[in-house]
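Trainee: Chain by chain, the residues run as shown.
Protein chains: 2
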Amino acid sequence: MNFKERLEKLKQQIEAPLLVVSQSNLFYLSGFRGSLGFLLVFPERQPFFFCDGRYILQSREELSIEAEIVEVDQDVVGSICKVFFDVCGDRLLVEDVASVGFVRRFEEKKCSIVPCPSPVNVLRIVKDEEEIALLKKAIAVTEEAFQDTFPLIVQGAKERDIAIELEYSMRRLGGEDVAFPTIVAAGERSALPHARPGYHEARKGEWVLIDWGAKVEGYCADLTRVVPVQEIRTPQFREFLGILREAQNVAQEHIREGVRAQEVDFAAREFLKKRGLAKYFTHGLGHGVGIDVHEEPKLGSQGETILQRGMVVTVEPGVYLPGWGGLRLEHMVLVEEKGCKILDSLPETF
Amino acid sequence: MNFKERLEKLKQQIEAPLLVVSQSNLFYLSGFRGSLGFLLVFPERQPFFFCDGRYILQSREELSIEAEIVEVDQDVVGSICKVFFDVCGDRLLVEDVASVGFVRRFEEKKCSIVPCPSPVNVLRIVKDEEEIALLKKAIAVTEEAFQDTFPLIVQGAKERDIAIELEYSMRRLGGEDVAFPTIVAAGERSALPHARPGYHEARKGEWVLIDWGAKVEGYCADLTRVVPVQEIRTPQFREFLGILREAQNVAQEHIREGVRAQEVDFAAREFLKKRGLAKYFTHGLGHGVGIDVHEEPKLGSQGETILQRGMVVTVEPGVYLPGWGGLRLEHMVLVEEKGCKILDSLPETF
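In the order they appear, the protein sequences are chains A and B. So for the first sequence, this note's numbering puts the first residue at 15; every next one is plus one. So for the second sequence, this note's numbering puts the first residue at 15; every next one is plus one.
These aren't lab readings, by the way, just hints derived from the structure by calculation. Be aware that a few hints might be false.
Same chains, same label: a pair holds when it works inside one copy or across any pair of copies.
Stated by the list, open to error - List of simulated lysine-lysine pairs, BS3-like, C-alpha gap at most 30 Å:
id: 1; residue 1: Lys151; residue 2: Lys229
id: 2; residue 1: Lys293; residue 2: Lys25
id: 3; residue 1: Lys151; residue 2: Lys355
id: 4; residue 1: Lys172; residue 2: Lys151
id: 5; residue 1: Lys96; residue 2: Lys293
Using the sequences and the accompanying hints, generate a full structural model.
Mentor: Set out below in structure tokens:
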């Protein structure tokens, strides 16, 4: 599905003009990669794209849809309202990720603005073939960088230095950015699920938890592995890691078209409960990944989305024991009609 | 001013409980560096800090204020409402950067929520001594990385490779992240004020525009320089760059306590108008910089803030001629009682 087809699909679904404010949704619909722009989509006519002077040339280069480009000065709301009143002027839908401060400025201009959950998010939840190809590209860069960096994960290596080398490698291999701040946590610090890499050194007999991913052509990868530093003396290490691998399998066995997202989380959690580890599994099982590293569907206890083929989600059971450390094993999987397919190919353990 | 003093100052300024949702404001008030947390500040009692299981241990490590930590499951709004109704229950202020979707969830729980411009932004606009020291640290890393990378800016170097090396260097020198996506634009592409670095090669006789900055201990730097690749044949290059340097001086001469931000922008713009270049200066003159790379005060035509000593702003006049290229020269300056002080020390031209 190309940008034009996405836009056409959106136009068919909206009953009133929609202001797209999410930069990820804007990229999905138009190809624009700047940090600030707005797309005003009408059900029955060509959209308007608003940006300031910094992005006028760039928008002409990057916009992959037919849109009327409007340069705005500092009063972007005024510019949007002017066009809106000229063309239509009735009811303006706006994505409800817009801030209340932003929406209030439309109300001050007597614009009848109606916040709504974005129909673009609904389109984005199922990935098309081009998107899956881009996700695979992002995963390939993510994995190759890990392999490049792997030899550096030795006794005495600092968390921070491992993260820096991993990120540098992802960039050189084609990543345009990291998909999210890299997590590298050695020893007990691995019990912090979202630890910022610091000056802690990996010690012999400890392990290093790494959660990392590249962004390539706008699409994110997100993987987690645990790497032992020489032989691990902690007896539970292999045991717990084995249980997490089983929890992975249990989760993957539940993933298929038609299943409710929360059922997958529940299955993995029940499995960990039987093994006495559920109380240490302090986050949801996974999340959709695409243009944003965290997007719909959420695989958590509140996840009511029915899985459809073409969704791409992480599956990342983990256990975190304060004072002992944490383990997490994260795959990216593609939902299929009768099951799922793991998109990454690194080993689960080392 | 330490975190406790900032919190006390805020408590004195609010007449009802305030929910802090901006992660930058949360860091400013508490020291918390995770990606998701909420601080519920009461005028007369200890605040509550809400985060999910991923950040419980980290919040205990990082929170530099006395706060009651509440672990939330997926219904963060429910958890906040529960505490709020228990303690007070009347009117809840929320920062108006909150999304309309988020605020609506409070309304659904019959919480009387009132969005308002954040009083924390007002506190943050003037930097204290510790903050100025951190900004200087960020600038030092930013400049040293530039010097490391400078020898690579030669004929045949790709924009993207220059950006990668610059970012890698900033990280190794102590930057925890880039303050914003690095801009490296060679040749005509420098006419895009916010170009993403691509595979374009720097050619002999062209120049490379670089806009970059490190984030160090939560504070951002933001500088721009233009580097010629061997001798520049374009006659206007030195002429226009000289005019921009004069525009810099004009702007800096107008910066002092008591001056309205827009007057500084106006002065630089009027100067460029006399030289026939104002129409190519397509963005505001500058912006505040601190925990966020773009914050108050804005030095633009709409900037009504009265400058106070202790504000730190960028001054970045630029000209962009499609088909020819662009030039920008950006300093970070500290507003003082009777003038301003440039915080960076790299040469203006090379």
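Trainee: Hints first: check each against the structure and report whether it holds.
Mentor: Right, here's what the structure says about each hint:
{"no.": "1", "hint": "Lys151 - Lys229", "result": "both (9 Å within a copy, 29 Å between copies)"}
{"no.": "2", "hint": "Lys293 - Lys25", "result": "neither (46 Å within a copy, 37 Å between copies)"}
{"no.": "3", "hint": "Lys151 - Lys355", "result": "within (16 Å within a copy, 47 Å between copies)"}
{"no.": "4", "hint": "Lys172 - Lys151", "result": "both (29 Å within a copy, 22 Å between copies)"}
{"no.": "5", "hint": "Lys96 - Lys293", "result": "between (55 Å within a copy, 23 Å between copies)"}
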